[in-house]
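Novice: Chain by chain, the residues run as shown.
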Amino acid sequence: MIPVEHILLLSALLFTVGVLGVVLRRNVIVIFMSIELMLNAVNLSFVTFSRSLDSMSGVVFIFFIIVVAAAEAVVGLAIILSIYRTRNSLDIEEFNLLKW
Amino acid sequence: MLTIFYIFAALSFFGALGVLFLKNPIHCALSLVGTFFCLGSIYVMLNAEFVAVIQVLIYAGAIMVLFLFVLMLLSSRDMKMSSNNWTAGKIIAGFLSIGIFFQIAYLFTGNELKLGPKGAYPIEVVEEIGSIALIGRLLFTDYILSFEIIVILLLVAVIGAVVIAKRKFN
Numbered sequence: 007m008i009p010v011e012h013i014l015l016l017s018a019l020l021f022t023v024g025v026l027g028v029v030l031r032r033n034v035i036v037i038f039m040s041i042e043l044m045l046n047a048v049n050l051s052f053v054t055f056s057r058s059l060d061s062m063s064g065v066v067f068i069f070f071i072i073v074v075a076a077a078e079a080v081v082g083l084a085i086i087l088s089i090y091r092t093r094n095s096l097d098i099e100e101f102n103l104l105k106w
Numbered sequence: 005m006l007t008i009f010y011i012f013a014a015l016s017f018f019g020a021l022g023v024l025f026l027k028n029p030i031h032c033a034l035s036l037v038g039t040f041f042c043l044g045s046i047y048v049m050l051n052a053e054f055v056a057v058i059q060v061l062i063y064a065g066a067i068m069v070l071f072l073f074v075l076m077l078l079s080s081r082d083m084k085m086s087s088n089n090w091t092a093g094k095i096i097a098g099f100l101s102i103g104i105f106f107q108i109a110y111l112f113t114g115n116e117l118k119l120g121p122k123g124a125y126p127i128e129v130v131e132e133i134g135s136i137a138l139i140g141r142l143l144f145t146d147y148i149l150s151f152e153i154i155v156i157l158l159l160v161a162v163i164g165a166v167v168i169a170k171r172k173f174n
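Line by line, the protein sequences are chains A and B.
Here my numbering = 1-based position in the first sequence + 6.
Here my numbering = 1-based position in the second sequence + 4.
A few of these clues could be false.
Unchecked claim - Here are the computed lysine to any residue pairs in the SDA-like style, where the Cα-Cα straight-line distance is at most 25 Å:
no.	chain 1	residue 1	chain 2	residue 2
1	B	K94	A	F52
2	B	K94	A	M44
3	B	K27	A	E11
4	B	K122	B	F144
5	B	K172	A	S88
6	A	K105	B	G164
7	B	K94	B	Q107
8	B	K27	B	Q107
9	B	K122	B	G103
10	B	K122	A	F69
11	B	K27	A	S88
12	B	K172	A	D97
13	B	K122	B	I104
14	B	K122	A	F52
15	B	K170	A	F52
These aren't lab readings, by the way, just hints derived from the structure by calculation.
These figures come from a predicted structure and were not determined experimentally.
Okay, chain B solo, but in the shape it has when bound (with noise of 0.2 Å):
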């Protein structure tokens, strides 16, 4: 099990290296599509299976695919870029986000975040009743506000995407 995670992690890792370094932006696309399959698959060791799936079905199938329509719509040709200079400013910026890593891990590692109250849905219940059917009854009881909410915040991104993307025709 553990080797299998670290297998995984390190996959997904090399994934997203992939995404920071490589030039094509399709090979990007699919590296990063690698790195959501991993992550998929480390869902399922946490017993996340609703997550595993929909990870697969709407970030690796939907939204990938997405973008890679749009970078097949924006012709390859004219895809170079100017040289990547590194200035000053890249280096330093650079170096501040390796220290975002620092800081995270500073935070994740202490004890404070792990020892909270425990909730009220140990390992045992989760399998008794399924994941799928407790995050469908949370969503539909406790959650149902932020639920309706979300619904029209998809309706307002549709409209907002065709009226964006839409060709003026004068």
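Bound-form chain A, shown alone (with noise of 0.2 Å):
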């Protein structure tokens, strides 16, 4: 059996990786990307807490997780490529337009 210490460790580091990834980065994609990788690591520590506590609430709501990542990432892509359009650009830093 694994330890469950560990799994959680691993999605502690996976959800920083992804944290550092959306403040760090300029490219809006790979932003996107980052917040996908944060999804991914509350998803791995659902399990987790699934397996070990006998549950499986954890599961299911890894299911509605899924759903709901699939139509964020529908609507993020659709919104940048919008954007993209009138910008010619994928840097967050031209993205200013609710900057104040």
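With the hints as a guide, bring the two chains together.
Specialist: Dropping the structure here:
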């Protein structure tokens, strides 16, 4: 049996790498991939807790999380496409219309 | 079992680091696909076969293919970014994000989280009925309202994507 702490630490590591990607990268699509990575880290901890607490609810929640991630990816990529048409760039620094 | 877990954990971590450090976004996407596959194999080791299959099919299959499509649609000729300057704000933000890791690790290694009341599905029950049957049963009994709401969410996402990404003719 794999020790629970190690899996949870892996999930924390992956989440941190995702946060770092969001904070440090400039390319919008890479930032988006980092968000997917954070969602996956959360999924991993859901599965781990659901196994260690003998419950199935975590697995059902993963089903919902994956559906939300798919919807988010579709809408987010559509927004990126339409911004790219007007700004002609993928740099997050260029998307400053809502910045004060 | 344990060594296989460590191998896959290391591979998934390096894939995630690839997303963080690789220059070309397409390489980032491919290394993220590798991470998803490794996470899928970890799910198999945790007796969550349904999640593993869904992970490979939807994440590594559908979502990442969508990312790659968009990356190839947005031509790579003007993919150059302004140089990644390390301003003071970015360095501080990086250190704060690493602080998030210690916070989560502190929470996860404490014992309060893992000593909750045990649920009704120990590993023997799951193996006897099968995890997919159990998930289906839960989805259509306890979580039926969430299930229907998520269906509406998917519909709205599809319509919204078409409306947002549509080219305006004038």
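Novice: Run every hint past the structure and note whether it holds.
Specialist: Verification of the hints:
This hinted pair does not check out: K94 of chain B and F52 of chain A have alpha carbons roughly 31 Å apart, beyond 25 Å. A distance of roughly 19 Å separates the Cα atoms of K94 of chain B and M44 of chain A; the hinted pair therefore holds under the 25 Å criterion. For the hint linking K27 of chain B to E11 of chain A, the alpha-carbon distance of about 33 Å lies beyond 25 Å, and the restraint is violated. Pair hint K122 of chain B plus F144 of chain B holds up; C-alpha atoms about 22 Å apart against a cutoff of 25 Å.
Our distance criterion of 25 Å between C-alpha atoms is met by K172 of chain B and S88 of chain A, whose separation comes to about 10 Å. Between the alpha carbons of K105 of chain A and G164 of chain B the distance comes to roughly 24 Å, so the proposed pair stays at or under 25 Å and holds. The straight-line distance between the Cα atoms of K94 of chain B and Q107 of chain B is roughly 20 Å, inside the 25 Å bound, and the hint therefore holds. Pair hint K27 of chain B plus Q107 of chain B does not hold up; C-alpha atoms about 29 Å apart against a cutoff of 25 Å.
Among the hinted pairs, K122 of chain B with G103 of chain B is inconsistent with the structure: their alpha-carbon atoms are about 31 Å apart, more than 25 Å. Taking the CA atoms of K122 of chain B and F69 of chain A, the gap is near 21 Å; set against the 25 Å cutoff, the hint holds. Distance restraint check for K27 of chain B and S88 of chain A: the Cα-Cα separation of roughly 23 Å lies within the 25 Å cut-off, and the hinted pair is therefore satisfied. Straight-line distance between C-alpha atoms of K172 of chain B and D97 of chain A comes to about 23 Å, which keeps the hinted pair within the 25 Å bound.
Note on K122 of chain B and I104 of chain B: the hinted pairing is violated, with a Cα-Cα distance of about 29 Å set against a maximum of 25 Å. For the given pair, K122 of chain B sits about 15 Å from F52 of chain A by alpha-carbon distance, which is consistent with the 25 Å threshold. At most 25 Å may separate the alpha-carbon atoms for a hinted pair to count; K170 of chain B and F52 of chain A exceed this at roughly 37 Å.
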